[in-house]
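Number of protein chains: 2
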Amino acid sequence: MSGKYVIGVDYGTESGRAVLVEIAGGREVASAVWSYGDGVIDDRLPGSGRLLEPDWALQNPLDYIEVLKRTIPAVLSQSGVSPDNVIGVGTDFTACTMLPVKADGTPLCTLPEYAADPHAWVKLWKHHAAQPEADAVNALAAQRREPWLSRYGGRISSEWFLPKAWQILNEAPDIYAAADRLIEAADWIVWQLTGQERRNSCSAGYKALWHKRDGYPAHDFLRALDPRLEFLVEEKLCGDVYPLGVRAGGLTPAMAALTGLREGTAVCVGNVDAHVAVPACTVTGPGKLVMIMGTSLCHMVMGHDERMAEGICGVVEDGIVPGYFGYEAGQSAVGDIFAWFTENCAPYRGQDVHARLEEAASRLKPGQSGLLALDWWNGNRSVLVNADLTGMILGCTLSTRPEEIYRALIEATAFGTNKIIKSFTENGINIDEIFVCGGLPQKNRMLMQIFADVTGREMRIAASAQTPALGSAMHAAVAAGPEKGGYAGIAEAAAGMASLKAERFVPDKGNREIYGKLFAEYERLHDYFGRGENDVMKRLKEIRLGVTAD
Amino acid sequence: MSGKYVIGVDYGTESGRAVLVEIAGGREVASAVWSYGDGVIDDRLPGSGRLLEPDWALQNPLDYIEVLKRTIPAVLSQSGVSPDNVIGVGTDFTACTMLPVKADGTPLCTLPEYAADPHAWVKLWKHHAAQPEADAVNALAAQRREPWLSRYGGRISSEWFLPKAWQILNEAPDIYAAADRLIEAADWIVWQLTGQERRNSCSAGYKALWHKRDGYPAHDFLRALDPRLEFLVEEKLCGDVYPLGVRAGGLTPAMAALTGLREGTAVCVGNVDAHVAVPACTVTGPGKLVMIMGTSLCHMVMGHDERMAEGICGVVEDGIVPGYFGYEAGQSAVGDIFAWFTENCAPYRGQDVHARLEEAASRLKPGQSGLLALDWWNGNRSVLVNADLTGMILGCTLSTRPEEIYRALIEATAFGTNKIIKSFTENGINIDEIFVCGGLPQKNRMLMQIFADVTGREMRIAASAQTPALGSAMHAAVAAGPEKGGYAGIAEAAAGMASLKAERFVPDKGNREIYGKLFAEYERLHDYFGRGENDVMKRLKEIRLGVTAD
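Sequence lines, in order, name chains A and B. Counted from 1, the first sequence has number 439 at position 439 by my numbering; the numbering is strictly sequential. Counted from 1, the second sequence has number 382 at position 382 by my numbering; the numbering is strictly sequential.
Source of the hints: derived by calculation from the structure; they are not laboratory data. Source: prediction; values computed, not measured. Where is the CB? At the ideal position from N, CA and C, for every residue including glycine. The reader is advised that the hints may include incorrect statements.
Unchecked claim - Covered stretches of chain A (in silico footprint by chain B; criterion: 3 or more residues with CB under 8 Å from a CB of chain B, positions within the stretch not fixed): (1) 326 to 340; (2) 357 to 367; (3) 385 to 392; (4) 399 to 409; (5) 512 to 519; (6) 535 to 541.
When you get a sec, could you build the whole thing from the sequences and use the hints?
See below:
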C-alpha cells in the first residue's frame, strides 16, 4: 500500500480504540480496541486494596500507555501499512479526566510513596466526590458575578477541573504539594507521546474555565475561594494553551519503539471525545448542530461570536474548530430512558424487546397515543441545569399500550432537544441542519424521523461508526500538514476524510404541525415543573431522602 | 332444618346470583349463579341479528326470569330448606337498567312486532349511546338552574333514566308510543314476582331524578327539553315510589310454581346492587363510609340532612336506609388500573403477576419510591366529574422499579378516595370509619393498609363475599316482618345478619404523616390539571381525535 495514513486513538471510559485511516478519502482501514486492565476504579485501589468512598471514580494512567502499546501495532499489522506512510497520530479523551504528576510527567500514583493515596490516581470524568467544592465554586462565583459563570450556563459541574483540584488540596494536601502539575489526561498522553507539555484549548475551555482572551479565573477569585488556590494556575498548570489541530511535537524514540511508528511522527495536541467527533460528522462551521446520541445526548454547534444562551454547558472560542465559538449543551439521559423502559416496563422478554417495541411504535401517528412525557429520568442538564427534576408521563388511559409509552418517551427526548435548539436560535446561534453520530441513530430509524419532525430540521447520520477516533485521525492529518501529505486545516480534512450516510431524514409537514402542538404542551409543563412554579419533584426527592435515611 | 330463611337475588351485569340465608345469624347456607343466555348484547340483536351501533349495551329480560327459575330451586335443593321456612325474597339490580313494557308488564322486545327494534330491549346500565341526550339535559338544567342538578354533582350521566328514555323517543317514536311504561329492571322483576308495579326509592332517586318532597323534574323543564316529554312521568312512569325494605306483595302462583317457593311469600321492593350492600357491611346509619371496591370504586355514606358536596354522584333521602340521606360518590377506575399495569407494564408474565408485584411493593415504605400518580386512567368521576382527564405519573428516574410504580398507582387511588372523603367532611357529612366489600380487598392486604394510612381511618372488611345478595336477603327479612320471623327494620336485620371480618386495618402514625405530605402534592396537581389551570389532558385528547379521524 502506497497512500498516506494517520492514526486516531479514542480514549473512552472502559477502553481505548485506535483506528488507522487513509488520508485520501478517509477509509477506515483497521481498528483495534484495548480494555483498561484496571477499568473504572470505584471500589478498591489497585495494590493497596484501599476502599473508596461512594461517588469516587479513578483510573490507572498506565492503562492509557498500554492502549498505545496494544492497539497501534495491531492496526499496523492488520492493515499491512508501513510506518513510513503513517504521517500523524491524534488522540481524544474523556474529560475532565485529570491527574497529579511530577515535573517530568510521572504520575504520582506510579510512585511507591503515593500509590496508596486515592488522590494520587487519575480522577475519571464521572468522579462525583467533589460536589461540595463545586457547590462552593458556584456560590462564590454567583455572589461575585464572575464574568465567566454565564459562559457555563450559570453553574459548573462537580466533574470539572477546579472542584477536582481543590478536592485534592482539601483532602490530601501532601499530594497537592507533591504534584508539580495537575493535568488533563488528554494532555498527559500527548506529553507522553512527544515529551512536550501542550494543553489543548478544548479541555481547558470546557472543563477548566479557560478563556482565549481572559485566561483562567482571576487570582482574587481563587484567593477568595481558598488562599492556597491563589496561584493554582502558575503553580500547577502550564500557562500556554494550544488550538486544536496543532502539532504538539514528534513521537519520542521510546514511544516509537512502543508503537512501531517512526520517531518524529507528528502528534497532534489533545482533544475531547465529543468535540473531536464534530468534524468527523463533516461539520466545521456554524449553523450545523452535531448530536452525539447514546445513553445521553451531547449537542454541539458553532457560532461566529460569543453569546449567552440558557442552559448551555459551555461556550469556548476555538473549542471545537479554530476560528469559531463552540457551544455545548446536553440531555443527561436519552438511550438510558429507552433501556430503562424495556428493562422495567415492557411486558415481554426475549431477544429484542427494542425491535419489537419500535416495530409497533413506528405504526403510530404523532399525537395518536394521547401521551406526553417529560424526559427527566436523570434530571435536566440543558436548559434547566437541575438534577432534582424527575420524569413524568401524562395522558394514560386503560387502553394505553406499551409501544405508545415507548414512543412518547422518544418524543419527549426530541422535545428536550427542540427546547435546546430553541434556546440557541433565540439567542442568535443559528441551526439549519442536524448531523448525528453515536450508537443510537444507527439502530433506530423511527427515532431519527421523530427528531426530524419535532425539530423541523433535516437530519443526516455520520458514515463512520467511530467518529471520535476518526476525528482524532483527521486532526493528526492537520498536525502533519500538507507538506507531509496531510491537510492545511480541519475543514480541508473534513472535506477529504469525513462523510455521511446517504439517507436523509426530512421533516414531514403534517407530523411537524402536530408535534408543534405537542411541543407547546411540553414547554408549558417544562416551565411549570422546571422553573419553580411547582417544585413537587424536588419535594418528592426530599421526602424520599427522609424516608430512606430512617 | 327448622329456622327461618330468606333469599336474596343479585342481578349483575353478566349473571344473577341467589343466596339462601338463615335469618338468625345471617349464615349463607346455599348460593347459585346463572349466567344470562344472551349476556350483554352489544353486537347483534338476538333473533333478527340486527347490528348494533357502538356504545350500545342491551339485555334480554327473559334472562332475568331464567335466573329465578334456575337459582332459587337450586338453593332450596342444595340446602334442604323447606319452602315453608322461606319467609321472603329480595332482589337488587344494576341501575339504571331500564326497559319499555306494556300495561301488563310484558316487555316490548318479547312481542314479535317490536323484537327487531333495538329500542324495544332492555338498555343496560352501561349503554352509553344516549350521550347527546345527557348533554342536552345537563345544558338546559344548568341554564335554568334546576334545583335538582346540584344534588347530582352538577351533571347527570348518559347512563341515567331520562337520557335513555329520551333516546327511545328520538330514535324510535313508535316504540316510545307503544310503551305503556318505561321501568327500571329492578322494579320490573318485582312486578313479575308479585304482579304489583312498585317503584323503589333508590333507583328512582339516584337514576331518575326523583326527590322525596319535590318528586320528578317539573313539567316546564321537561317541556322545554322536548314538548313530547312534558307528561313523561304521568304517561310512562307510575307516580308512587316506595321506600326500601317495604313489602311489594306476595309471590304469584305462577312464580311460586317457577321457583318452588310458596305462593304469597313476601317480596321486597327492588334495590340497586351497590346500595343494598351497605347494610350487609353492618352499616345502617351516618358516619360510616362503605366502599365497594372492584374494577371501580363506589363510595356510600349517610347523613342526617341534605347537603351539597362537590362531585357527589347523588344525594337521595331514604336512598340507602330509610330515615337518612344517602350520599354516593365514585372513582371510575381502581382495580382496572392495577390490571392495566400488570397487563401492559409489568416486565414479567406468568401465574400471578399481582402477587409478585404486591410482595415486592409491600416491602417499600411510603414516600420511598419518590413517585406520585393521578389515578385518572378512566377519567375522574368524583369530585371533578370529568371524563376527559387522564392518568399521570411523576418522579420517574433510571432506578424506578415496576413494584414502585404499582404501589404508586395504589396510593393514587387511595388519594382519590381521600379527596372524596375530604369533600364530604368539609361539607358536614361526617366519616369516622370505613367498611369495604367487593373483590379487591379480599385479595390485597397492602391496598387495605395503604387506604387506612392515607385516609387516617380504621378499615374493616365485610365478612360476606356476596354482600349485594346478602343485602337483598336482609331486605327480604324486613319485608316479611317480625310477625313472620323477620325483622322490624334494616338496622335490626343488620344487627342480626351482617358481620365483619375480625381483622382491623389501623392507620400507622408514621405512614400517615408521610402520606399527608404526599396527599398535599396530589391535591395540588389534582387542582392544577383538574380545575382548568392547565387543560393539557383535554387538549391531548382533542389532538388524538383529530389524528385518528384522518
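Do the hints match the structure? See the list:
For the segment 326 to 340 of chain A, the proposed coverage by chain B is satisfied: 4 residues have a C-beta within less than 8 Å of a C-beta in that chain, meeting the threshold of three. Given a C-beta distance limit of less than 8 Å, the hint that chain B covers the segment 357 to 367 of chain A holds, as 3 residues qualify and 3 suffice. Under a criterion of three residues with beta carbons nearer than 8 Å to beta carbons of chain B, the stated coverage of the segment 385 to 392 of chain A is upheld, 3 such residues being counted. A stretch counts as covered by a chain when three or more of its residues have a beta carbon under 8 Å from one of that chain; for the segment 399 to 409 of chain A and chain B the count is 4, and the coverage holds.
With 3 residues having a Cβ less than 8 Å from any Cβ of chain B, the segment 512 to 519 of chain A passes the three-residue criterion, so the hint holds. Coverage of the segment 535 to 541 of chain A by chain B holds [criterion: at least 3 residues with CB-CB distance below 8 Å; count 5].
Comparing the model with each numbered hint stated earlier shows that all of them hold.
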